[in-house]
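Chains G and X are the protein sequences, given in the same order. The opening position of the first sequence corresponds to residue 344 in the numbering used here, with each subsequent residue numbered one higher. The opening position of the second sequence corresponds to residue 16 in the numbering used here, with each subsequent residue numbered one higher.
Check before you lean on any hint, since a few could be wrong.
In silico lysine to aspartate or glutamate, EDC-like type, Cα no more than 20 Å apart, as pairs [claimed, not checked]:
| no. | chain 1 | residue 1 | chain 2 | residue 2 |
| --- | --- | --- | --- | --- |
| 1 | G | K472 | X | E234 |
| 2 | G | K472 | G | E425 |
| 3 | G | K526 | G | E513 |
| 4 | G | K472 | G | E453 |
| 5 | X | K269 | G | E425 |
| 6 | G | K526 | G | E451 |
No lab work stands behind these hints: they were computed from the structure.
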Amino acid sequence: MLEIRGLRKAYGEVVALAGVDLDVPRGRIVSLLGPNGAGKTTLVSIVSGLRHADAGTVRVGDVDALRHPQQARQLIGLAPQELGLYPILTVRRNLQVFGELYGLRGTELESRIGETAAALGVDPLLDRKAGELSGGQKRRVHTAIALLHRPPLLLLDEATVGADIETRGELLGLVRRLAHEGKAAVLYTTHYLHEVEELGATVVIIDEGRVIAAGGVEDLIAEHAQPVVEVAFDGQAPLIDVSAPYEVEDDRIRVPSGEPARTAATLLASLGSDADRVRSVEIVRPSLEAVYLALTGKRYDPTGAGVEEEVSGVAAN
Amino acid sequence: MSPRTSAALLRHELRIMATDPSVVVFVLVMPLLMIAFTERLFAAPLASEAAGSQVDGSDFAVPGMAVAFAAFGVGFSGFAFFREHGWGTWERLRATPASPADIMTGKVLPAVLLTTLQVALLFALGGPLFGFTIRGSVLAITVLIVALALALNAFGVAIVAVTRTAQQLNAAGSAGGMVMATMGGAFVPIEVMPSWAATLAPAMPTYWAMRGLRAVIFEGGGIAETALPVLMLMGFTLAFGAVAAWRFRFDETKVHFG
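Starting from the given sequences, assemble the full structure and let the hints guide the process.
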């Protein structure tokens with residue numbers, strides 16, 4: 344449904360996208376993951392025709408979106424990162440105007456409003472002014488606008504920023520449902536690693552304008568990160584005798600291992616009298632954070648502010 | 016461009032305008048008060064200068080204040096753009112299938128309608144409230160009002176195109192409106208303006224509006240007598256429109272108050 348090839352965009356000297364390839368087939372959720380400033384919003388803006396690309400191609404369905412952005416927009420539902428609502432109009436009016444701009448009219452428009460508002464749990468709020476809603480309620484209405492015309496391609500840019508836990512859960516649930524029912528291809532940008540794991544999405548990790556990894560969460564973890572055996576001691580961690588490289592940090596030892604249970608057993612057996620000081624033993628399963636670290640050599644910092652911090656070895660949480 | 020889409024945006028803009036009835040105070044109540052306060056001031060200079068002595072103060076005060084307050088409102092169409100940025104809806108609108116022409120039409124046409132309605136209502140109320148009379152063609156007056164509304168709102172869009180913050184828009188709109196109202200011979204008759212100002216007056220669209228209106232109201236003129244002022248107003252519309260087309264950037268981020 345969405346096919347991007349060699350997409351490039353620079354703002355003066357700053358390269359936002361340095362040749363990105365990306366596919367989102369119908370019925371799939373592709374999660375575009377990266378710290379702030381990685382180029383996610385630029386990519387979404389170009390696909391939805393809000394910014395021009397310097398080079399590359401973008402196809403939405405059968406439409407060349409860079410040449411015919413207006414045609415492509417009919418196929419896209421965009422929920423931008425920044426909330427966009429008319430605060431002085433009712434929720435119904437907000438939905439109406441955007442529905443009309445996508446060509447919906449009359450009873451069809453009314454039934455879509457009812458249906459979409461119900462799906463997002465905002466049907467009791469239809470006659471309230473948008474400006475009077477809570478942050479989470481606004482986020483739901485904001486997302487409802489993107490869904491109203493049943494777009495085959497849904498672009499959700501940081502859809503859960505500022506949302507309460509309940510709203511977040513419902514939004515993620517709805518996104519999963521839309522994709523699994525085959526109704527839409529979803530490009531979901533986020534800087535929250537755990538959301539990607541929760542969505543069960545295909546992941547595209549973007550960093551400094553480049554795709555550095557793409558695939559299923561499990562596959563990426565298996566390919567790029569290892570489980571870690573972490574042993575905590577009362578007092579300073581001792582020096583140990585294992586063949587694998589390991590890390591010592593104050594009271595704990597961390598040993599990355601492809602066979603963590605076996606490694607844990609060997610490690611405990613080799614401790615001798617230090618075994619009496621063991622406070623806890625944990626096998627830490629690797630996450631996307633470890634993948635990011637393995638690929639970039641940097642700890643994942645969602646704000647994008649501290650990405651220069653170099654870390655050696657493998658960490659897991 | 017799609018007429019259905021433009022019409023949807025136009026209705027939407029009118030709904031937004033309708034949520035703030037305080038605008039009526041500015042566009043109608045204030046000019047009516049000013050007419051009441053100033054009409055007697057204008058009687059003397061006009062009686063001695065204008066053709067014929069039948070002209071009374073309200074014959075100038077009504078069109079003069081109507082044109083002046085229409086000029087003061089040049090920022091209105093601008094705020095219609097800036098508040099979209101403040102509400103985060105500008106990018107959303109742009110991401111819909113609505114074309115830039117649809118968005119422009121949907122935003123500007125309501126402002127043109129508002130200016131037209133404002134001037135027309137002031138003329139309509141001028142009769143019963145102040146004894147204002149139109150000696151010439153009502154059709155010619157109508158054409159003039161529409162031409163003036165187009166020129167003023169084209170100026171409004173041109174200042175949106177060249178300003179980036181709401182403060183700049185406010186400053187440019189206020190200054191532009193004030194200069195057009197005073198220099199164009201709407202706020203005070205051109206007969207009592209300093210000569211240097213009277214020389215510069217034809218550079219203002221309001222001057223041509225007043226010249227046309229006075230020809231109809233004072234002298235009983237019709238379409239023929241207002242042809243030149245209407246053409247000049249259309250020229251201003253094209254010139255301001257050209258500035259807007261040259262400088263307006265749909266992908267620019269405007270800074271709203273918040």
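Hint check:
1. Under the criterion of a C-alpha separation no larger than 20 Å, the hint pairing G/K472 with X/E234 is inconsistent with the structure, at around 52 Å.
2. At most 20 Å may separate the alpha-carbon atoms for a hinted pair to count; G/K472 and G/E425 meet this at roughly 19 Å.
3. The suggested pairing of G/K526 with G/E513 holds, with an alpha-carbon distance near 17 Å, which does not exceed 20 Å.
4. Among the hinted pairs, G/K472 with G/E453 is consistent with the structure: their alpha-carbon atoms are about 18 Å apart, no more than 20 Å.
5. Straight-line distance between C-alpha atoms of X/K269 and G/E425 comes to about 14 Å, which keeps the hinted pair within the 20 Å bound.
6. Simply put, G/K526 and G/E451 have alpha-carbon atoms about 18 Å apart, close enough for the 20 Å limit, and the pair holds.
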